[in-house]
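Q: Sequence:
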Amino acid sequence: MIARALYTLALRALAPVILLRLWWRGLREPGYRRDLGERFAYYRTPREEKPLLWVHAVSVGEARASADLVRALGEAHPECDVLVTCMTAAGHDTLRHLHGESVQVAWLPYDYPGAVRRFLEHFRPRLGVLVETELWPNLLAGCAEFGVPVALANARLSEKSARGYARYGALARPAIASLARVCAQSEADAARLAALGARRVEVAGNMKFDTAPDAQKAAAGRAWRERLGRPVLLLASTRDGEEKMLLDALPAWDGRLLVVVVPRHPRRFDEVAALAQKDGFAVARRSLGQSPGAQDRVYLGDTMGEMDYYYAAADAAVIGGSFLPLGGQNLIEACAAGVPVVLGPSMYNFAEATRLALEAGAAVQAQDAAAAMRRSLDLLLNSEARAKMGAAGIALCQAHRGATRRHLDCCAELLRGSAKPG
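For the sequence shown, our numbering gives the first residue as 114, with consecutive numbering after it.
I should point out that these hints are in silico values taken from the structure, not numbers from a laboratory. For glycine and all other residues, C-beta sits at the position ideal for the given N, C-alpha and C. Hints should not be assumed to be uniformly reliable.
[To be verified] Taking lysine to any residue pairs in the SDA-like style, the calculated list, with each CA pair at most 20 Å apart, reads: (1) K501 x Q511; (2) K391 x D361; (3) K273 x A308; (4) K163 x V216; (5) K330 x K273.
[What the hints assert, rightly or not] Distance windows between CB atoms, simulated: (6) D327 x G139: 52 to 62 Å; (7) L341 x S459: 25 to 35 Å; (8) T121 x D383: 51 to 61 Å; (9) D481 x A126: 36 to 46 Å; (10) D383 x R134: 14 to 24 Å; (11) G474 x T158: 41 to 51 Å; (12) M417 x L494: 29 to 39 Å; (13) W366 x S459: 27 to 37 Å; (14) A512 x R134: 34 to 44 Å; (15) A336 x M114: 55 to 65 Å; (16) G144 x K273: 24 to 34 Å; (17) F259 x A498: 47 to 57 Å.
Could you build the full structure based on these sequences and the hints that come with them?
A: Following this line, the structure appears as structure tokens:
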């Protein structure tokens, strides 16, 4: 209790900084200024009388990973509404794109006790599902007080994160122990969470393996590549600083290679376009409806919700977030699309998926950006190797499907055991 009180005091002291950061981010991403009252649990939308199931997907990756589970919960429990909360503007947009009006979408409030209380009183969820590693001490304490069982779904915890939670054990352990169920991605994740106090832990697998590419977007991407008639290298979900190091590692242009760059964050689209042009690359942009001309070396994928299109359009994919100590981005989407995957050295956020992909021969890992670009260009010259790696990626995803079903069963069990009325 003392640790949580000190945490809350620090959070209150940071309130001006939090508001300033929202305002600042809103300059580049206007979505951060949308429904600001919801950040403190002041909701304008009236609460429906139907029982409600709540899923929290903090941002884009979690929104996409949980999409099948959200749909399955709605289908399995038609007597209930489904609420999906998030914290980022890109996540909010992704949820709307994925689910339309079939679910309620709202901001999860910041972790102030009063805001948590207002959130729970307004929505009165019968069940909470937190996707991956969203552990807010006051939120979890509030759910326990209101009798809302909470499951941690698709749970992952890297060694680095586990050490961080262990340093603040007085705060983290009660929160983790309050979880009604933990569905971990791997045995290693399960062991680390159990060591931090999680009680009912099972290995349910990674729901990202259940997400199949959108057939229409994939077909459009393949058709685009056929019309283009050039080899295509995709730099997928790149982070700040990675585009320059990867583009700088390219050899002299052969007059044919097209590099498609899709930055991880929409707020960086203009920045990356300017960076590539400054470095002497001719750039076309998808958001402007432009098609790559004969002299364009870079095509900027500056649209949201189209990764299936970009992967289908690529001959090979380099996964961003892995060339700086950031832990990498989701490589499973590329594997599911049958695209050979090239990784940088930092993939700790996807350690298990990386291990499986490397062992299956669906991915290769390079020590730095220069080595990654060399491996990628070698793949572009070897159609047999690309076909073998692509087939291995598809087979890997097929072999590891079923996590969504196991998560759905866990939710059903928690609902049966819940004494809280809708």
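Q: Checked against the structure, which of the hints given earlier come out wrong?
A: Going through the list in order, the structure violates hints 5, 6 and 8 and respects the others.
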